[in-house]
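Enquirer: So the chains spell out like this:
Number of protein chains: 2
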Amino acid sequence: MGEVKHILLAKFKEGISEQQIDDLIKGYANLVNHCETMKSFKWGKDVSVENLHQGYTHVFESTFETTEGIAAYISHPAHVEFATVFLDQLEKVLVVDYKPTSVEP
Amino acid sequence: MGEVKHILLAKFKEGISEQQIDDLIKGYANLVNHCETMKSFKWGKDVSVENLHQGYTHVFESTFETTEGIAAYISHPAHVEFATVFLDQLEKVLVVDYKPTSVEP
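Protein chains in written order, with the numbering used here: chain A, 1 to 105; chain B, 1 to 105.
These aren't lab readings, by the way, just hints derived from the structure by calculation.
Be a bit skeptical, because a hint or two may be false.
One copy or two, either will do: identical chains are not told apart, so a pair holds if it fits within one copy or between any two.
[What the hints assert, rightly or not] Straight-line C-alpha distance at most 20 Å; calculated PhoX-like pairs for lysine-lysine: (1) Lys5 x Lys42; (2) Lys5 x Lys39; (3) Lys39 x Lys11; (4) Lys11 x Lys99; (5) Lys5 x Lys99; (6) Lys39 x Lys26; (7) Lys42 x Lys26; (8) Lys5 x Lys45; (9) Lys99 x Lys26; (10) Lys92 x Lys39; (11) Lys11 x Lys92; (12) Lys99 x Lys13; (13) Lys45 x Lys99; (14) Lys99 x Lys42; (15) Lys99 x Lys39; (16) Lys39 x Lys13.
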């Protein structure tokens with residue numbers, strides 16, 4: 001079965017509290033309950049030490065079965081509503097989608 | 001069991017051929033055979049349509065059990081040797097590490 005990862009890197013604006021960030025993360029996670037093509041959601045704070053994170057502090061990882069599923073998610077009203085609020089709290093954002101592929105040695 | 005994701009986003013320099021990119025990806029994948037803390041490796045081309053990818057075209061995802069395992073990987077001679085060659089072929093690079101965490105609704 002295929003799987004497509006949707007990775008969003010975020011840096012929140014100055015002055016956003018940890019509580020506000022927690023609430024936004026819960027709102028992001030809650031999209032799984034509204035957008036049926038979104039199969040799972042995980043997140044984490046950047047803990048890298050190579051200093052190549054370009055200022056991004058949070059990683060949001062959601063999983064879809066197809067790229068069409070991601071398109072449906074992006075245009076879903078629940079996502080549009082959340083994204084409007086979420087993006088307004090970000091100083092920087094980066095999004096990539098990819099199909100994780102193994103390499104035969 | 002914990003798991004820490006090491007995500008590298010890359011944009012290759014102009015003029016690098018697909019064959020060279022394939023060889024670099026195989027070299028990256030081959031680190032699994034040398035760095036015992038590196039548990040798995042996957043990659044994919046960016047297929048996002050939101051135009052928030054900031055020019056990055058390739059995603060490399062490797063998995064470790066601990067952040068200490070990532071530190072051991074970074075300083076491993078096989079990684080140092082590969083990274084010297086790999087980074088020289090990149091126009092842009094971004095690295096984040098995170099522990100994928102679920103959210104209780």
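Enquirer: Is it within, between, both or neither when you check Lys5 against Lys42 at 20 Å Cα-Cα?
Expert: Both, since 11 Å and 11 Å are each at most 20 Å.
Enquirer: One pair to classify: Lys45 and Lys99, alpha carbons no more than 20 Å apart. Within, between, both, or neither?
Expert: between (23 Å within a copy, 7 Å between copies)
Enquirer: Within, between, both or neither: how does the pair Lys39, Lys11 come out at a Cα-Cα threshold of 20 Å?
Expert: neither (24 Å within a copy, 28 Å between copies)
Enquirer: At most 20 Å between CA atoms: does that hold for Lys39 and Lys26 within a copy, between copies, both, or neither?
Expert: Classified as within; 16 Å inside a copy, 30 Å across copies.
Enquirer: Between copies, within a copy, both or neither: which fits Lys92 and Lys39 at Cα up to 20 Å?
Expert: Result: close neither inside a copy nor across copies, 25 Å intra and 31 Å inter.
Enquirer: At 20 Å max between alpha carbons, let me know whether Lys11 reaches Lys99 within a copy, between copies, both or neither.
Expert: Between copies only: 17 Å across, 24 Å inside.
Enquirer: First find the shortest C-alpha distance between Lys5 and Lys99 inside one copy, then the shortest across copies, and answer within, between, both or neither for a cut-off of 20 Å.
Expert: both (6 Å within a copy, 16 Å between copies)
Enquirer: For Lys99 and Lys42, with the copy left unspecified, which applies at a CA distance of at most 20 Å: within, between, both, or neither?
Expert: both (17 Å within a copy, 9 Å between copies)
Enquirer: My question is about Lys39 and Lys13: at a cut-off of 20 Å on alpha-carbon distance, are they close within one copy, between copies, both, or neither?
Expert: neither (29 Å within a copy, 35 Å between copies)
Enquirer: If the cut is 20 Å between Cα atoms, do Lys99 and Lys26 qualify within a copy, between copies, both or neither?
Expert: For Lys99 and Lys26, only the inter-copy Cα distance (17 Å) is at most 20 Å; the intra-copy one is 25 Å.
Enquirer: Are the CA atoms of Lys99 and Lys13 at most 20 Å apart within a copy, between copies, both, or neither?
Expert: neither (30 Å within a copy, 22 Å between copies)
Enquirer: Is the C-alpha distance from Lys11 to Lys92 at most 20 Å within one copy, between copies, in both cases, or in neither?
Expert: both (5 Å within a copy, 19 Å between copies)
Figure legend: structure checked against the earlier numbered hints; hints not met, in rising order: 3, 10, 12, 16.
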